[in-house]
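Protein chains: 2
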Amino acid sequence: MAERNHGLPLSRRRIIWEETNGSVGEKPFLLRPKLIQFRLDTGARESAGKRNAMIRRFAMGTPFTTDTVIREIEPESMERFPFEHRTEDGTFVFSFRMEKDEIVYGLGETVRGINKRGWTYRSWCSDEPNQTETKQALYAAHNLLIHGKHGIFIDFPGEIRWDIGDTRVDETSVTVSGTDLDIYLIQEDAPLAIVREFRGLIGQSYIPPFWAFGFQQCRWSYFTAEEVRQVIRGYDDAKIPLDCVYLDIDYMERYKNFTVDRKAFPDFERFVRETKEKGIHLIPIIDAGVKKEEGYSVYEEGRERGYFLKNAEGTDFEGAVWPGAVGFPDFLRPEVREWFGKQYRHLTDMGVDGFWNDMNEPAVFYSAKGLKNALDEAEESRGKNLDLNGFFHLKNAFTGLANNPADYGDMHHLIGGKLISHPKVHNLYGASMTRAAGEFFEKEFGKEKILLFSRSSMTGSHRYGGIWFGDNNSWWAHILQCLKMLPSVNMCGYLYCGADLGGFGENSTRDLVLRFLALGVFTPLMRNHSALGTRSQECFRFENPEDFRDVVTVRYRLIPYLYGLLRRASEENGMMFRPLSFDYPDDPIARECETQLMLGDECMIAPVYEQNASGRTVYLPEDMAFFKLSGERVTKEILPKGLHYVNIALNEVPVFVKRGKRVPLCRPAMRTADLDGKPEEYLEF
Amino acid sequence: MAERNHGLPLSRRRIIWEETNGSVGEKPFLLRPKLIQFRLDTGARESAGKRNAMIRRFAMGTPFTTDTVIREIEPESMERFPFEHRTEDGTFVFSFRMEKDEIVYGLGETVRGINKRGWTYRSWCSDEPNQTETKQALYAAHNLLIHGKHGIFIDFPGEIRWDIGDTRVDETSVTVSGTDLDIYLIQEDAPLAIVREFRGLIGQSYIPPFWAFGFQQCRWSYFTAEEVRQVIRGYDDAKIPLDCVYLDIDYMERYKNFTVDRKAFPDFERFVRETKEKGIHLIPIIDAGVKKEEGYSVYEEGRERGYFLKNAEGTDFEGAVWPGAVGFPDFLRPEVREWFGKQYRHLTDMGVDGFWNDMNEPAVFYSAKGLKNALDEAEESRGKNLDLNGFFHLKNAFTGLANNPADYGDMHHLIGGKLISHPKVHNLYGASMTRAAGEFFEKEFGKEKILLFSRSSMTGSHRYGGIWFGDNNSWWAHILQCLKMLPSVNMCGYLYCGADLGGFGENSTRDLVLRFLALGVFTPLMRNHSALGTRSQECFRFENPEDFRDVVTVRYRLIPYLYGLLRRASEENGMMFRPLSFDYPDDPIARECETQLMLGDECMIAPVYEQNASGRTVYLPEDMAFFKLSGERVTKEILPKGLHYVNIALNEVPVFVKRGKRVPLCRPAMRTADLDGKPEEYLEF
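So the sequence lines, in the order shown, correspond to chains A and B. Heads up, the first sequence is in my numbering, so the first residue is 303 and it goes up one at a time. Heads up, the second sequence is in my numbering, so the first residue is 303 and it goes up one at a time.
Heads up, some of the hints might be wrong.
If several chains are the same, the list does not tell them apart, and a pair holds so long as it fits within one copy or across any two.
Calculated cross-link-like contacts (lysine to any residue; reagent style SDA-like; alpha-carbon spacing at most 25 Å) [what the hints assert, rightly or not]: (1) K558 <-> D651; (2) K943 <-> D903; (3) K451 <-> S475; (4) K612 <-> E637; (5) K930 <-> A951; (6) K644 <-> G420; (7) K963 <-> E934; (8) K938 <-> D903; (9) K930 <-> D403; (10) K686 <-> E555; (11) K451 <-> R463; (12) K541 <-> A951; (13) K786 <-> L952; (14) K565 <-> I891; (15) K697 <-> A708; (16) K786 <-> F560; (17) K674 <-> A699; (18) K558 <-> S683; (19) K437 <-> Q913; (20) K671 <-> H695.
Derived from the structure by calculation, the hints contain no laboratory data. Quick caveat, the model's predicted, so the values are computed rather than measured.
Work out the full structure: start from the sequences and follow the hints.
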C-alpha cells in the first residue's frame with residue numbers, strides 16, 4: 303500500500319471555534335474573520351455526551367492513495383467486514399438488508415431524494431447537463447452511505463454502483479469496480495453523530511472569504527469589460543446588493559487557461575482594480591484542459607515536462623474541449639498540481655481573488671480517435687436506406703462522442719513511473735484540480751483568502767474548495783433538487799455550495815428566479831447563473847426589480863448568521879442543513895419531509911417550489927414562529943405544531959424559528975464589506 | 303373560404319344519456335353499452351340554469367377548413383374582436399392583460415400546470431421524448447384558452463405561440479403563424495360552462511368500447527406470439543386482471559403498416575382468436591409513414607394514386623422513419639383518408655378490434671436531403687481541429703436531423719389541385735390520420751366497437767378517437783404531469799386518455815409503477831407501457847405482485863362507475879376530471895391545488911407522487927369521507943375540511959367522497975367481460 307501523504311495532521315484533534323463573546327445565534331455580528339479567535343479543543347465534543355463512536359477500517363489489496371482520509375486507522379481484515387460480500391470479475395460487491403421503513407442517507411451530490419432508497423446511483427464524475435431524476439451520476443463522487451447506525455465510506459477513486467433497493471426493494475447492493483480499496487465503518491447512535499465522526503476522519507471543510515457570502519452574478523458569458531460594467535451598474539441602479547461578477551470561458555483568449563482576451567478586456571489589471579474599487583470581485587473560470595497551441599507557454603511547459611495524460615502508447619492523449627484539442631494535466635501527481643497551482647498566479651497577480659474550476663470530470667467533447675470513427679461511420683452511411691437500426695447507429699456515433707468510456711479508457715496517468723488507466727482513478731481528477739489550486743492559494747495567501755469552488759469533486763477536495771451543483775436547468779423541479787442536495791453534500795464535507803439560481807440551462811421566468819433566490823438566500827454560495835442563448839436572468843432585467851432587491855436584501859441581513867453557521871459546521875464537523883428526520887426522528891411526518899430543511903440550531907426553511915402558487919403547505923414538527931422577510935420588513939406569526947398553508951409573496955423569504963431560539967439580522971448593505979457588526983433585530987421565539 | 307364539411311350534424315342539439323334506472327353514481331352497474339338507452343334532448347341542459355352563453359366567431363382571410371367546429375356561426379369582422387390585435391409579418395397577434403391572481407386554463411396536452419400562466423407554449427405537434435417542464439410543445443394542438451369569462455378557441459392548423467405571462471408577467475400574447483383563421487369567443491360565467499359550450503361547438507367526444515376500460519399492458523416490443531402468451535400467463539398466474547396486450551412496431555414485417563411478421567406470429571388470425579378466447583384484445587400499432595418498398599401493395603397503391611406528401615417539385619417527399627424511407631399519406635384529403643382507413647381491414651379481418659396510431663405528428667427521423675447535408679458536413683470536418691463552434695455545428699447536424707423544420711417546409715399537401723406547404727397545416731396531420739381510421743371504423747362496425755387512440759391530435763379528432771400522452775419517462779414528476787393534463791385535455795374534448803403508467807422511457811422502479819397505477823386506476827386509458835432497453839415493468843414481474851393485484855383490482859371494481867362518467871361527459875359535453883378551482887373557486891387553497899383533482903360529481907382523487915413517502919398531504923375543501931381501496935378491502939375515515947397528512951400504502955388507492963355522494967363498487971373480475979352488473983358496495987358519505 304502506498305504511503306499516505308495527508309494534507310492536514312488533524313487526526314483525533316478537533317477545532318472548536320468560538321467568537322470573542324458568545325455562540326452563533328446570539329451575537330454573530332462579530333463573526334467576520336478578523337474578529338474571530340480560535341481555540342483548539344482536543345477531543346471533547348459537546349454533542350456526543352456519551353462517546354460511543356467506533357471507526358473501523360477494512361482494507362483489501364493495495365488501495366490507491368486518495369488522501370481523502372486524514373487519520374491513520376489500523377486496517378482489519380475483510381473477513382471481519384460485517385456485511386455480506388464477495389469479489390466477482392474484478393469487482394468487490396457487498397450488500398445488506400434494509401428495515402422496512404429505514405431511511406438511507408448519503409451520496410452527496412446526486413439527484414432524487416434525501417432518502418436514497420429506490421434507485422441505483424453511480425459514483426462516476428459526469429458532465430451532466432440534463433439533470434433529470436433518472437440520472438445515476440452527476441459531477442461528484444461522495445462515497446458515504448448511512449445505513450442504520452453505520453456510516454459506510456468507501457475510499458476508492460474508481461466507479462462504484464449503489465443499488466439502494468432498486469433491484470430488490472429491501473436490499474442495498476454496492477459494487478466497487480476494483481478490489482483494491484479501503485472501507486471505513488463508522489458506528490454511532492444517530493446519523494448526525496455518524497456525520498460528525500466521518501467528517502473528523504476526512505478533515506475540516508473549506509471556509510471561503512467572508513465576501514463570498516455576498517450575492518453573485520454569472521452568465522455564460524459577459525464577453526467584454528463593458529458588459530461586466532453594465533451588470534454592476536444594473537445592480538447598483540436597482541439597489542440590489544452584489545459582491546461578485548463571474549467571467550465564463552469567453553474572457554480567455556481562445557479558451558486558453560490563464561490568458562485574457564485583450565481585445566475584450568484591454569487592461570485587465572486595471573479593470574480588476576476598477577471593479578474592486580466598486581466593491582465587486584471578478585471571478586474567472588478555469589478549465590481542466592489546456593489548449594494545444596504552439597507558443598502557448600502553459601501548454602508547451604506541460605507538454606515538455608510530460609505533465610499531460612497519456613494514451614496507452616505513452617504519448618499525450620488527445621481530447622478536445624472548448625478550444626478544440628487540449629492536454630489534460632495529470633492533477634493526481636504532486637508535481638503537476640504544484641505546477642498547475644502556480645499558473646493561477648497569472649491572474650492573482652492581476653488582483654483576482656476567486657476562481658471556479660470547471661469541466662474537470664474531465665469533460666471531453668471528443669477524442670481524435672472517436673471523431674475519426676464517427677466520420678468513418680458517416681462515410682459508410684452514404685447512399686444507404688437507413689432504417690431504425692442504421693439511423694440510430696449513425697446518430698449515436700455523434701451523440702456518443704462526448705465523455706465516451708472508450709476515450710476514458712484510452713487516458714492514462716503516469717504515477718510512480720507506471721501508466722495507470724484513467725477509469726481506475728477517474729473520480730479523483732476534478733478533486734485533484736481543486737487541490738492543486740487550493741494548496742497553492744493557502745501556501746501563497748493563507749487560509750480563507752481566495753474563493754475557490756469546483757464543478758467536479760470527490761470527498762477530500764472539501765478541504766480545498768467548495769462546489770456548485772453544476773449545469774442545472776431553469777426547472778421548478780430544480781429548486782427541490784437543490785434543497786435535497788444541501789444536507790447530503792454537507793454530510794460529505796461540502797459546506798460552501800449552491801445551485802445555479804434561476805437555473806443554468808433553458809429560459810427561466812421571473813417567478814422562478816425569485817423563488818429560487820428565496821432558497822438561495824440560505825445557501826452559502828448564492829449565485830445567479832444562466833447559459834448562452836437563454837433569457838437574461840440578471841435580477842435587474844426583470845419587471846419590478848424591487849422584488850429582487852427585497853429578496854437579496856434579506857440575504858445580506860442574514861450573512862453574518864449564515865457565515866457563522868458555516869464556520870461552526872466546518873470547525874465542529876457539523877452540518878448547516880439537516881433533514882428534518884435528523885432532528886425529529888420519531889415524528890412520522892417530519893421524518894419523510896423532503897421539501898423543508900433544518901438550518902443551524904435555530905430554524906427551519908421551506909421555500910415555495912411551485913409556479914403560480916401564493917404559498918405552500920408546510921409541516922411544523924413543533925410550535926414555531928413564522929417570519930416573512932422582505933427587504934428590511936419582517937412579519938411574525940406564531941404557528942402551532944402541525945400542517946399549515948402559508949402565503950408567501952414573490953418578494954418574501956419565509957423562515958421558521960424554534961422556541962427559545964433567535965436569528966440575528968443585521969442592517970443590509972450593497973456590499974458585504976459594508977455590513978457592520980451590529981445585530982439590528984432578531985427573529986426570535 | 304372552403305366549404306365546411308362537418309362530420310356529425312350535432313349543432314344546437316345535445317345528447318343526454320340516461321341509464322335505464324337512475325343516474326351515474328347511483329346505479330351505474332347497468333351502464334354497459336348493451337344495457338344503455340339514449341334519449342335525445344334538444345337544447346336544455348341541467349347545469350346552465352340561466353342561459354348566458356354567447357359564441358362569437360371572428361374570421362380573417364380564407365381559413366383552411368379543419369372540420370373542427372360542427373356548428374355554423376355567422377362570422378363577425380375582426381374589427382369587433384375585443385382584444386388588442388394586429389397583423390405583423392404574416393402573423394396575427396392578439397393580447398390581453400390578466401388580473402393579478404387570475405388563473406388561465408386550457409391548451410390540453412402540454413407540460414406544466416393546470417394554470418398555464420408563466421410560460422410560452424407552442425401549438426406544434428411534436429415527437430417529444432424528453433418531456434421536461436421547459437418543453438413548449440408536445441404531440442397535440444389543443445387551441446382553447448380560458449381567460450376570465452372568455453373561452454378563446456383558435457381554429458387554425460398551423461403553429462400558434464401562446465406567451466402566457468412569460469415575457470410580460472401580466473400579459474398574454476398569442477401569435478398565430480398566419481392570417482387566415484377563425485377565432486371563436488365563448489362567453490360564460492364559469493369555466494365549466496365555457497367548456498360545455500365549447501364542447502358543444504366541436505361535437506361529441508369519442509366513446510371507446512367498454513372493454514377499453516380494462517387494464518392494458520404494452521411494451522416496445524413483445525416480439526413474438528410466445529412473448530405475448532407469456533405476458534397473459536404472467537398476469538393470469540398472478541391473478542392480476544387484464545384486458546389488452548399491445549403490439550408495438552416489431553409485430554410488423556420490417557415496419558410495414560398492415561403487415562404481420564409471419565415468422566414471429568405464424569398464424570396471426572388464429573393467434574388473435576386464441577387470445578380473444580382468453581378474453582384478451584390484441585392492439586397493434588399503426589404508424590403514419592408507409593414503407594417505400596417495391597412490391598408492398600400499400601406503398602405501391604399510395605404512390606400510384608399520388609396519395610403521399612410531395613416536395614416542392616411535386617414528386618414524393620422522401621423522409622425516413624422506422625423502416626427507412628417512407629411515403630407520408632396525405633391524410634388531409636378525404637380520398638386518402640378513405641383509402642388509408644380501408645387498410646385497417648387487413649387487421650380487422652383477422653379479428654383485431656383496437657389500434658393505436660403513432661408517429662403521426664408526423665415524426666421524421668431524417669429526410670434524404672437532410673441526411674446528405676449532415677454527411678457532407680462530416681466530410682468537411684475531417685482533419686480539422688474542431689473547437690466549441692465547429693464541434694457543436696457538426697454534432698447538431700446529426701442531432702438536428704429529426705423533425706427538422708426545413709424538412710417540414712419541404713413537405714407539401716396536394717389540396718384542390720394546389721400544393722400547400724405542410725407547416726401551414728401541420729397540426730391537422732395526426733388528427734386526420736385518426737379521422738381516417740375512425741371514420742372507417744364507424745362506417746364499417748358502428749360506434750363504440752373499435753378502440754382507437756392516437757399520439758398526435760388536434761381538437762376535432764376527439765370525435766374519432768382518444769389520445770395517450772406520448773413518450774413520457776419513468777419519472778415521479780410525470781405522475782403529476784399526467785394528473786395536470788387530465789382536466790386540460792378534457793376541456794379540449796379528449797376523454798378517453800391516459801399516460802404510459804410506470805413511465806415509457808428509462809428504468810422504472812416497483813414503487814413508481816405502483817404509485818403511477820394508483821392514479822391510472824382513474825384514467826379511462828389504463829395502460830402500462832415501457833420502452834425497448836428499459837427494465838421490464840409488467841406488474842407480475844415485480845416482487846410481491848399481490849400489491850399490483852390489489853391496485854388493478856380496484857380499477858375493475860370502479861370500471862362501471864368510470865365508464866359511466868366518461869359516457870356522461872361525452873354526452874353532456876362535460877369533464878370527467880376537473881381542477882379543484884372549478885368546484886371551489888372561492889377557496890384560496892383549493893383554487894391553487896394542482897396535485898388533486900375532482901372526479902365526476904362524487905369524489906376527489908389525490909395520488910401519492912413522491913418516492914419513499916408513506917402517504918401525502920391532502921387538502922379537503924369540505925368534509926369528506928376518505929377511503930382506502932386495496933383489492934376488495936375498503937377502509938373509511940371521515941375527515942374534516944382542511945389539511946391532512948394521510949398514510950397510503952403502496953397497494954392502496956385513495957378516494958375522497960363528498961357528503962351526500964356515493965361511488966359504487968362492483969365485484970372485481972379478471973376481465974371486463976366478466977364484470978357483473980351489480981353494485982357490491984358503495985363508497986358513501
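Results for each hint:
no., hint, result
1, K558 <-> D651, "within (17 Å within a copy, 68 Å between copies)"
2, K943 <-> D903, "within (17 Å within a copy, 34 Å between copies)"
3, K451 <-> S475, "within (17 Å within a copy, 57 Å between copies)"
4, K612 <-> E637, "within (16 Å within a copy, 65 Å between copies)"
5, K930 <-> A951, "within (9 Å within a copy, 36 Å between copies)"
6, K644 <-> G420, "neither (45 Å within a copy, 48 Å between copies)"
7, K963 <-> E934, "within (20 Å within a copy, 51 Å between copies)"
8, K938 <-> D903, "within (19 Å within a copy, 40 Å between copies)"
9, K930 <-> D403, "between (35 Å within a copy, 20 Å between copies)"
10, K686 <-> E555, "between (43 Å within a copy, 20 Å between copies)"
11, K451 <-> R463, "within (21 Å within a copy, 55 Å between copies)"
12, K541 <-> A951, "within (20 Å within a copy, 51 Å between copies)"
13, K786 <-> L952, "both (22 Å within a copy, 23 Å between copies)"
14, K565 <-> I891, "neither (58 Å within a copy, 56 Å between copies)"
15, K697 <-> A708, "both (17 Å within a copy, 18 Å between copies)"
16, K786 <-> F560, "neither (35 Å within a copy, 50 Å between copies)"
17, K674 <-> A699, "both (10 Å within a copy, 16 Å between copies)"
18, K558 <-> S683, "between (36 Å within a copy, 22 Å between copies)"
19, K437 <-> Q913, "both (24 Å within a copy, 15 Å between copies)"
20, K671 <-> H695, "both (17 Å within a copy, 19 Å between copies)"
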